[in-house]
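Sequential numbering from 1 applies to the first sequence in the UniProt record's numbering.
What the hints contain is simulated information worked out from the structure, not anything from laboratory work.
One or more of the hints may lead you astray.
Distance condition first, Cα-Cα at most 30 Å in a straight line; then the derived BS3-like pairs of lysine-lysine [as the list claims (entries may be wrong)]:
#	residue 1	residue 2
1	K179	K157
2	K157	K188
3	K273	K77
4	K188	K273
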Amino acid sequence: MTDLRLYNTLTRSKQVFVPAEPARVTMYVCGPTVYGRAHIGNARPAVVFDVLRRVLRHRYGAGAVVYARNITDIDDKIITAADAEGVPIDTITQRFEDHYLADMGALGVEPPDHAPHATAYVAQMVAMIDELVARGVAYAAEGHVLFDVAAFPDYGKLSGRRLDEMIAGARVEVAPYKKSPADFVLWKPSWPEQPGWDSPWGRGRPGWHIECSAMIREVLGETIDIHGGGLDLIFPHHENEAAQSACAHGGAPLARVWMHNGFLSMGADKMSKSLGNVALIDELLAAGWSGEVLRLALLSAHYRQPLEWSDALLTQTKATLDRWQGFLRRSDVAAGEVPERVIAALSDDLNTPDAVAAIARLSRLDDVAGMRAAMGLLGLLEPEGEGDAAIDAAVAARVAARARKDFAESDRIRDGLAAQGVVLEDSPSGTTWRRV
RNA sequence: GGUCCGAUGGCGGAGUGGUGACGUAACGGACUGCAAAUCCGUGCACCCGGGUUCGAUUCCCGGUCGGACCUCCA
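Construct the entire structure; sequences and hints are all you get.
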């Protein structure tokens with residue numbers, strides 16, 4: 001099998017991936033902050049890293065991959081949303097976590113092995129912050145605990161920035177209790193009416209970055225193989241995670257490979273919650289696009305490239321997928337080995353467009369077993385369609401009409417079914433139907 | 001202002017120092033009662049200007065345009 005090569009943000013290059021322990025490959029992806037519905041852009045990392053997980057399992061064995069994706073269930077935006085409705089925060093977080101899991105499930109994203117919730121790991125966060133203070137790289141000030149970026153020489157290495165440049169940018173929050181404007185919050189105080197936990201620094205709540213560091217160490221270990229997320233997380237989120245974890249670990253890095261997916265755009269701008277130009281997943285599904293179409297559309301571009309999301313993209317993707325699924329439907333040959341050509345494409349930094357091209361070729365080669373296996377690997381097999389007695393009866397009536405050359409009746413039945421979104425396909429071996 | 005990325009056919013989108021993926025759309029044909037599906041065939045591109053080279057879409061430099069990050073954001 002060809003080497004698996006992955007682009008590492010840390011080194012800005014593709015590198016052959018070698019896990020620390022092939023029997024236990026660890027990956028962590030930053031999951032959602034659950035305070036609103038997920039849009040299709042939020043699904044890109046979930047889908048991309050779901051594919052990576054499948055590729056890793058194929059290579060190292062199903063039991064050899066440990067995948068964690070967190071749920072951020074304490075955050076100021078959540079508090080704001082809860083206040084707006086006058087409900088406790090867990091009403092909000094539970095609701096949107098359920099939505100998130102349903103949306104991802106529709107896109108064929110398998111649940112991760114671990115889905116740690118931030119609120120369940122506050123003790124570990126407090127412990128890690130305590131260690132950082134003890135090591136002299138963090139300091140308490142006015143109820144806050146801050147990470148002292150000057151104490152970590154490699155700060156800025158992941159995002160390729162220099163500290164002085166960041167400070168010169170002057171867009172970081174300048175609070176009087178910070179030693180340096182670039183210092184970031186590990187712990188912040190809560191007002192009595194805000195959610196909070198007791199800590200050595202008073203009642204408060206964790207900063208955003210510390211949760212991933214603490215949960216990764218608890219769930220996966222100190223240095224993991226792969227850490228992923230959207231490219232906007234490189235700075236400050238991942239830079240800060242990397243800094244605090246390395247310091248807490250006595251120097252051992254947080255992750256060996258950092259991977260970041262590019263963004264979806266809508267028209268001229270990136271799709272963004274704050275810009276409001278988003279396509280929500282549940283709305284796309286309600287509009288009739290199947291989860292497989294949405295998934296294939298997300299995989300139609302390389303994960304690091306931008307992808308313009310549009311109805312035209314979905315229309316084209318659906319046509320492609322219909323053709324593939326039709327090809328499989330006409331044969332009951334079971335899945336075989338995933339063709340090497342497909343593995344090679346995916347092994348080249350998850351080149352899904354090339355894998356898609358390879359799969360398209362399989363239908364030309366009449367390789368049903370390979371096609372089924374490849375589509376299964378990418379998570380694109382459609383669920384078993386349920387039967388429908390009424391449609392079957394209509395189809396039977398039309399077959400009878402055609403047999404007696406009553407084409408007016410035959411066409412009337414076909415048009416009626418078409419109006420219900422059911423398309424008929426006649427072949428020498430009989431008539432089949434499918435929904436469009 | 002700083003850092004980084006991109007520019008390929010009607011559209012989406014890989015890739016490559018020389019024979020120009022793949023999908024979708026278009027056109028022609030086969031098949032079909034007519035369709036649908038399928039199959040066969042055809043046409044269609046590498047931002048601009050230099051440089052390196054026998055040869056550049058691919059490498060280098062410059063430019064133009066577009067985008068991202070530097071602040072919540074996948």
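Does K273 pair with K77 here, judged by a C-alpha cut-off of 30 Å? Within the cut-off at roughly 12 Å; holds.
K188 and K273: Cα distance at most 30 Å? At roughly 25 Å apart (the allowed maximum being 30 Å), K273 and K188 satisfy the hint.
Quick one, are K157 and K188 close enough, alpha carbons at most 30 Å? Within the cut-off at roughly 26 Å; holds.
Pair hint K179 and K157, alpha-carbon separation not exceeding 30 Å: 21 Å, holds
The structure fails none of the hints (numbered hints given earlier).
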